[in-house]
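S.K.: With the hints as a guide, bring the two chains together.
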Amino acid sequence: MTDQAKSERGDQILRFWTPVLLRAILLVSVLLLLVGLCLALARPSSYYMKSFESAQQGLVRQRTSLPMLLNEAVHGNPDAVMIIGLMVLTLVPLARVVLCLWVFLREGDLLYVLFTAYVLVSLILGVFLGRIG
Amino acid sequence: MAQVLGWLFALAIASGFVGALSGLGGGVFIVPALVILAHVPMYVAAGASLLSVVATSAGASVAFVREGWTNLRVAMVLQCATVTGALVGALLAGHVPAWTLELLFSLTMLQSAYVSVRKKGDTILPRSDALATRLRLSGHFPDYSGKSIAYGVANVPAGAVVMLVAGMMSGLLGIGSGALKVIAMDSVMHLPLKVSSATSNFMIGVTAGAGALVFLARGDVPTAIAAPVALGVTAGALIGSRMLVVISVRWLRYGFILLQLLIAVEMGWRAFSHI
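The listed protein sequences derive, respectively, from chains A and B.
Our numbering puts the first sequence at residues 131 to 263.
Our numbering puts the second sequence at residues 33 to 307.
Derived by calculation from the structure, the hints in this document are not laboratory data.
Careful: at least some of the hints might be erroneous.
Here are some of the chain B residues that sit facing chain A, going by a computed Cβ distance under 8 Å [to be verified]: (1) Met33; (2) Leu83; (3) Val86; (4) Ala90; (5) Met108; (6) Val109; (7) Gln111; (8) Val115; (9) Thr132; (10) Gly237; (11) Ala249; (12) Leu290.
Glycine included, C-beta positions come from ideal geometry on N, C-alpha and C.
Looking at chain B on its own, in the form it has when it is part of the complex (with noise of 0.2 Å):
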């Protein structure tokens, strides 16, 4: 027993650790990492992996919502459709083939593979266009100088459908899907990255908990592997953001995507072969 629950701690703390030098968050890690290597089902390790999520994203947020990043209006309009994706992919997650929760992981993986290797270019547009002016979506942000950076927002309708989507899959995969989110806000809506980030984490803990309600109140939630896993990822993220200041993750970037191309692969491959 101690050895299992030793097992399961290990898994969980690296991959928090690994989601918080990555940013991608310790959901996309501990669902493979669960299913792959403890033999858990997948929707198991999604109510599991839900809860996590929720602990991270409290935990690294306090930061950003601090340091004015964080655009709340733009996450209240935008978790209207994700916490909407949320609870239908968190109902359909139980009831949904295995193999179809295996490729839909494999596809995220693959998305999030690239949003880690494309070009960042910062593009701050002058002013918001007319929905996202009458949503008064504007917003200013401190650079490095202290100096604050106006920014406006546009195409919201075409932002809230990614939003939808990626609310789905977090609710089906028990991840936070903060690379969809981020895709939203900075490709579609073209919001600064840092505002996209910072948002996207604030929108992340409330999406994850519309799902983790829904698993926890129909009793989806299996304790034994719940509980050590949302302590070690918590741990793990903690550490590993701590590292962040003092390491320099660049070297490790290549890693990071190769590490999600392999899951990709391994998550495709386990959903072909249930097929």
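Looking at chain A on its own, in the form it has when it is part of the complex (with noise of 0.2 Å):
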């Protein structure tokens, strides 16, 4: 295959699967998110009001571990629910990335594997960088 083709090849895969998944990781996002606003509604008024009183003052720090969100998701706590949605949500631009890394190691390109790389470890790197700051 020429270098043209191959390109080309890569272009039609991304052209292809990029829509599809982006509406799939989007749609579980939105679906978690109207899940867990559903949820705060079902408890007393006073519950979402606390939360959006405390965001207004700007008390928002709220940190958790992974495993103990999913067990407060699994057991119905709106705000586990939505959080867990909210970081689908920013699996949307990594897995752009993703798709990405993996057209240019497929057309064997590697400087651009390179650049999407550090794209992609940046990323990552935001996570550990916000836990810690």
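M.R.: Structure representation (structure tokens):
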């Protein structure tokens, strides 16, 4: 296969799979956010208002570990379900970068594999930096 | 409670709608809406907004990638700069005084209004400069008749510097900073307009994602605001992009410019009253 043909093929795969994958992730995230909001609505009105008011005062720092978050979500904690919905949403850009990495790997384009890997590593680094910062 | 939630939804839907119609993205409207109307601190609004930027960019970019205007190589080279900037910006966001954020937002709005005002002359470079050639950044895009038009790219380092700033503004202020990205690609690197807006759209999601991950990991995303805002902005953007096909936005252009100037003045005023 010529380089041109290889690149066109990669483009085609990207063009087919990107929308499918992105829509699927987006859908899951929207569903989780909706479920979380419904769970919050099912609680007494003060539940939502308390967290809204503390956000207005800038008091939001709620750091929990992922296993704890999942556990709370399974037990129907509205905040935990919504946080997971938001986390799923951040998989969208991650997935796009991973798809690009795969295309450049297929093309054997080392320079661009490096660029894409840098972006991917930075995205993941953000999570760790956020935990510290 | 239902009233507050309904009010947040309405703000978010309106922001997403205006963001899609004006092509500026929901972030530049939802952040001032949250700060001015919902009395939420700037960095809290930024965290919530970043996630809605991720959501809208995912929805909007699907069409662009399919039509083959996005230049993936250009996007990846510049992404290295924006993502670095976004990480720095998001890490600083919780520590920078509110007036600095408000002043930066005001300046960003002015720059964005300037981008909307200036004449858009589309120049297509016949070939790339030395560095862009080594990076193989040249590309081609389909014009209206389906004919493939080749274009070159220039000034990659200068473009990357502007992108670093764009990334930082995104992480600090919770916006996609599309206006700065388009300046970098269109005015500095001389990419064709369609290619730069499609590529910028692809980049906005990843840049905002980098910032959003920092905010999420830090636990700085208030779900009471972020969840309705992300849903509302996405819905508003979907409606807006559908309407884009039906209505002519040319007459709305001056309205958008005026709106941006008003936000710039309001945020600037807030910054000075905080000092």
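S.K.: Less than 8 Å between beta-carbons is the criterion; does Ala249 (chain B) satisfy it with respect to chain A?
M.R.: holds (3 Å)
S.K.: Tell me if Val115 (chain B) is really an interface residue toward chain A, meaning its C-beta lies closer than 8 Å to one of theirs.
M.R.: Check passed: Cβ of Val115 (chain B) comes within 4 Å of chain A, closer than 8 Å.
S.K.: Given Val86 (chain B) was flagged as interface, is its beta-carbon under 8 Å from a beta-carbon of chain A?
M.R.: holds (6 Å)
S.K.: Does Leu83 (chain B) pass the interface hint, meaning its C-beta sits closer than 8 Å to a C-beta of chain A?
M.R.: holds (5 Å)
S.K.: Does the nearest C-beta of chain A fall within a distance shorter than 8 Å of the C-beta of Met108 (chain B)?
M.R.: holds (5 Å)
S.K.: Would the hint on Val109 (chain B) be counted as holding, given a Cβ-Cβ threshold of 8 Å to chain A?
M.R.: holds (6 Å)
S.K.: Does the interface hint hold: is Ala90 (chain B) within less than 8 Å of chain A, judged Cβ to Cβ?
M.R.: holds (4 Å)
S.K.: Would the hint on Leu290 (chain B) stand, with a C-beta cut-off of 8 Å toward chain A?
M.R.: Because about 29 Å separates Leu290 (chain B) from the closest Cβ in chain A, which is outside the 8 Å limit, the hint is violated.
S.K.: A closest beta-carbon separation below 8 Å is what the hint needs, so does Thr132 (chain B) meet it against chain A?
M.R.: Violated - the Cβ of Thr132 (chain B) stays beyond 8 Å from chain A, reaching only about 15 Å at its closest.
S.K.: Can we keep the Gln111 (chain B) interface hint, with Cβ of chain A closer than 8 Å?
M.R.: holds (5 Å)
S.K.: At a threshold of 8 Å, is the proposed contact between Met33 (chain B) and chain A supported by beta-carbon distances?
M.R.: holds (4 Å)
S.K.: Going by Cβ atoms only, is Gly237 (chain B) closer than 8 Å to chain A?
M.R.: holds (5 Å)
Of the hints listed earlier, those the structure fails to meet are numbers 9, 12, in rising order.
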